[in-house]
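Peer 1: Residues per chain, in single letters:
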Amino acid sequence: MKHILLLLPLVLSAAVPQQLRFAINGDPKMFDVLMVAESNSETIRYLTAGVLLRVNRTTDVPQPELAESFQVKEGGRAITFKLRPNLQFSDGTPLTAADVERTLRRALDPKSGSPTGDTLRAGDTAPEILVANPREITLRYKAPKPGIDRLFDSVGIAPPVQTKLPPSSGAFFVAEYQPGTFVLLRRNSHYFKRDAKGVQLPYLDSIRLDIQANADIALTRYQRGEFHLINKLDADSFDRLQKTQNNSVRSLGPSLDPEFIWFNQAPAKTLPEWKRAWFTSAAFRHAVSSAIRREDMARIVFKGHAHPAVGPISTANRFWVNAALKPPVLDTKGGLAQLAKEGFTLRGNVLRDKGNHAVEFSLITQAGKRPRERMASLVADDLKALGIKVNVVTLDFGSLLDRISKSLDYEAALLGFENVDADPSEEMNVWLSSGAQHAWWPAQKTPATAWEARIDKLELAQAAEGVRANRKNLVDEFQKIVREEEPIIYLLNPDYLVAVSPSLKGVQPVVVPPQILWNAEWLRFE
Amino acid sequence: MTRPATILLALVVVLGLAAPSLAPNPYDHQFRDMASASPQPGFPMGTDDLGRDRLSRLLYATRVSVLLAPSAATISVLLALLFSALAALPSRLVAWTLSLANGIFLSLPWIFLFIILRSKLSLNTDPLVSVTLTFALMGVAGWAIPGRAFTASIVEMKDAGWLLQARAAGLRPWRIATAHAWPHLWSLALAQFRILIPAYVLSEASLGLLGLGVADPMPSWGNLLRDLQHPDVVQANPWTLAPLALLVLVMICLESLTPSRKAAL
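Protein sequence lines, in the order shown, are assigned to chains A and B.
Just so we're aligned, residue 1 is where the first sequence starts under this note's numbering, counting upward by one.
Just so we're aligned, residue 1001 is where the second sequence starts under this note's numbering, counting upward by one.
Next comes chain B alone, as it looks inside the complex:
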């Protein structure tokens, strides 16, 4: 399964990056006489309610989402690993502080931070800057969820027999961390990374309600998914499911590429 998944993922990334060359129409051009059109020559996936070509918008949306959602997930996982590594220290105070910080980050209503961010940004801020900052903030705010998993795993490792054996054998801490602990964390990090990507894609769609998501007319998977809010519209126009299908495909590929804990060991 690994090879087909790699190929498919690569294909999605290439489709996104090559959107300007592949898209049959500009993503923001309004063909007003063709609003809400069914698939037809010239518009293989039909048009949205403003007459914009759905295929072109999906290709450009892939470019935005395929780059930014994994970037935000990477920030979260790296921050989580960094903070959780402190749990390996013998200090109880550090462990307590880490646990407190984690709890605070998990319980804070982050939506207010996004509202403050929006209020501080100029209304004429370039949409690309706005969306990059949004994903960056999501990445920073989102470390606590993987952080809790990593901390639990590291605390568990501290009492593991193999670790005692490694210490008894005189291995240096850096060697223990890279050669022995990291393979344990790697699969967990990949799993967290995979979970965070769809979460951030969907969060971006929700943040659109605050004017913080990807601003119209720029498309993203998130704002394309907002078209699915009305089930009967989807039933009548099943091609509107294409962004969801692409998201699911990417998730399946990532799942296939995630090594199991056993395999990693």
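Chain A on its own, in the form it takes in the complex:
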């Protein structure tokens, strides 16, 4: 009898089904770890593909994974990995430096069109790959590569042969895929990682990702207990869920993702010179920024689940954010005074420039994105206090993208970024004046202003700087300039909201993708 009682906890523990279920909003486009280009495939890649190193989402420090050690050399030009012994793919075939080399060469082959290759190349140049022995491999660039170690967080090691459901080098492998219905991942019994007691990870037997495009239905199924987590909740759903299942929702605080507006400063044919003169004036941009009631926006649009943004780096990014900066304060009078110095006059309820043009501009944003539509309405209403008329225009995403990146036929835009990494190099393509995504004036041949030239220098310098403290100083100065010039007027950082079943243990949700799933191999049910 005593023995039976002693065994009871084990029996009960074994009885808990170790299958995690959650929804993804569409079919994954492919299972080839090197060809991933959309979020659903990205989630599956993260769960199935082994990587040489992983950036710890809680400490932001790269840690060895398939590599037992790695070393950045030659001032950031080269990196050497030493693989763990006896690594295997999920089908039991050995994983060696030759597999790593083959993966890297396939990714770097321009013919493959691999997005991973784009990340690994320096411009059009591929790094040199040197295999010293079956456990050691080195990559060498001609010049220092920004964040050379962090790059490998997203380079999954591919199996020798690509099949429909290829074997994996990570914690899980794709066992079954029913298009439009679900993707089933099973635990990789050859995975190298073990816990402190020597128990092989992952704890979960399987993960079922149900394909559910409708977020409302996914929420209902979560409430019924059919799903165990929702990796991103909007504010309305969070509040609704909080009323019924308070112990399962969590606010992770401000996200890394900012919402912002900017003015078109490019010399576009469709933009009259007098309007361009407004938009290139820092005083005009400051005045607009100072008239926006960010607290109202957070309270009304995000039900209080958002915080006024300080700049390009969120306060959630504790190490890199410039702590000296505070969110812009509401100061309509100050804004009007700045405008007056620039020759603007408020006559009646209409602001007029030196040429007697009434100040009016269109603000485009993404149609169907309710929070952005709402924010644009609030901005339009706020700017009435300055005598500025704003025409809010919602556009389908394709048209919007075309206007802001190709035709440049727009005046102002309200959008947001979804940052996938906390590293400040993440937005290089936005801040370099030559960048294709340099929002207010893309792909400049030479920097249009002295402050843009300074930002270019700071961005390149921080990317090449190896000493973290020195790099921080450069990043701080960059943030200060952005605040002084406000080429992008930052509005809010919405809070990151998630829902997790209380029965799921080992959860350490973070604001960096893939949020709840970043330590999937440690998750278990009790």
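Simulated from the structure, these hints should not be mistaken for lab results.
Virtual Cβ for every residue (Gly too), placed ideally from N, Cα, C.
Keep in mind that the hints are not guaranteed to be accurate.
[Unchecked claim] A short, non-exhaustive set of chain A residues, derived as facing chain B with CB atoms under 10 Å:
1. F361
2. D381
3. V392
4. D402
5. S407
6. Y410
[Unchecked claim] Restricting the straight-line Cα-Cα distance to at most 25 Å, the calculated cross-link-like pairs of lysine to any residue (SDA-like) are:
7. K1120/B - W274/A
8. K303/A - F1031/B
9. K384/A - F1043/B
10. K389/A - P1020/B
11. K1120/B - P146/A
12. K164/A - S189/A
13. K232/A - M30/A
14. K1120/B - S405/A
15. K1120/B - L408/A
16. K73/A - P146/A
17. K369/A - A1215/B
18. K389/A - P1127/B
19. K389/A - L1133/B
20. K243/A - R1032/B
21. K384/A - N1124/B
22. K275/A - S1122/B
23. K82/A - D195/A
24. K1120/B - L415/A
25. K369/A - F1031/B
26. K369/A - S1119/B
27. K389/A - P1217/B
28. K303/A - R1032/B
29. K243/A - S1038/B
[As the list claims (entries may be wrong)] Sample of chain B residues lacking proximity to chain A, with all beta carbon distances greater than 12 Å (derived):
30. S1021
31. S1071
32. W1162
Chain A is fixed; fit chain B onto it per the hints.
Peer 2: Chain B only, in chain A's frame:
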């Protein structure tokens, strides 16, 4: 039923036209401390998520939708009648061309035409101009659906005994068309008109996703109906159903006013 329906319809039209006098608040004023408020004194139907008075917005929306959706439906029905009348001609080529045009109009993805229209319009286009053009385009693009019904009806009439009798009696074509064919088509035209109105109201709501519907802050039944996308929100705030209730009421009234084919004859 005809009289109450007429009175109700007239009431809705008057409410819409008199919106500036009847609305307790400006339709675009944001009472930010009252966002998503329940019905209460000062806001008989509560406020939306930006704190705007729902009743005032509904009254102004009625003005936009009650004028523009029937106007677009009228354009569609008139164009359909015009083109379908060609089916009465003896030429096979005309009938074939008409059928082809009808098929093309029905099968074309008109959404692209609306996207092109939006791209050609200045971003600072007055919302009223934008919405008028949108409804006008909907009216033109929408002729094919009633057109098919009218053509079928006219082709059927060509072989009718009463038509042969009218011809044999020496009646002129114009007389046959106005005194004999028109009563047959009238009830069908009214039915098509009635069907098109809610279709255009809802299409306008969908076009809002392209930035072509009624632009915020101007309200319309279409963009007010977008608030109904989340069933649990509606359950918690049943007064958000008011625009839908008004639309259904107008549809019932129009249905009641549509004479049956038998009565028309």
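Peer 1: Take the hints in turn and mark each one as holding or not.
Peer 2: Verification of the supplied hints:
1. F361: Cβ of F361/A sits 8 Å from chain B, so the hint holds.
2. D381: For D381/A, the interface hint holds, since the closest Cβ of chain B sits about 5 Å away, which is under 10 Å.
3. V392: Holds - the Cβ of V392/A comes within 10 Å of chain B, reaching about 6 Å at its closest.
4. D402: With a closest approach of 8 Å, the D402/A hint holds.
5. S407: holds (9 Å)
6. Y410: holds (6 Å)
7. K1120/B - W274/A: holds (22 Å)
8. K303/A - F1031/B: holds (15 Å)
9. K384/A - F1043/B: holds (24 Å)
10. K389/A - P1020/B: It holds: about 22 Å lies between the C-alpha atoms, which stays within 25 Å.
11. K1120/B - P146/A: Measuring from Cα to Cα gives roughly 43 Å; hence the hint is violated.
12. K164/A - S189/A: Satisfied, since the Cα-Cα distance of roughly 20 Å is no more than 25 Å.
13. K232/A - M30/A: holds (23 Å)
14. K1120/B - S405/A: Within the cut-off at roughly 18 Å; holds.
15. K1120/B - L408/A: Measuring from Cα to Cα gives roughly 14 Å; hence the hint holds.
16. K73/A - P146/A: Distance of about 13 Å is within 25 Å: holds.
17. K369/A - A1215/B: Distance of about 14 Å is within 25 Å: holds.
18. K389/A - P1127/B: Measuring from Cα to Cα gives roughly 13 Å; hence the hint holds.
19. K389/A - L1133/B: holds (22 Å)
20. K243/A - R1032/B: holds (24 Å)
21. K384/A - N1124/B: Roughly 16 Å separates the two Cα atoms, so the pair holds.
22. K275/A - S1122/B: Since the Cα atoms of K275/A and S1122/B sit roughly 15 Å apart, the hinted pair holds (cutoff 25 Å).
23. K82/A - D195/A: Status holds; Cα separation ~21 Å.
24. K1120/B - L415/A: The hint holds at about 22 Å.
25. K369/A - F1031/B: holds (22 Å)
26. K369/A - S1119/B: Roughly 20 Å between the alpha carbons, so the hint for K369/A and S1119/B holds.
27. K389/A - P1217/B: holds (13 Å)
28. K303/A - R1032/B: holds (12 Å)
29. K243/A - S1038/B: holds (18 Å)
30. S1021: holds (23 Å)
31. S1071: Its Cβ never comes within 12 Å of chain A, the nearest being 23 Å, so this holds.
32. W1162: holds (52 Å)
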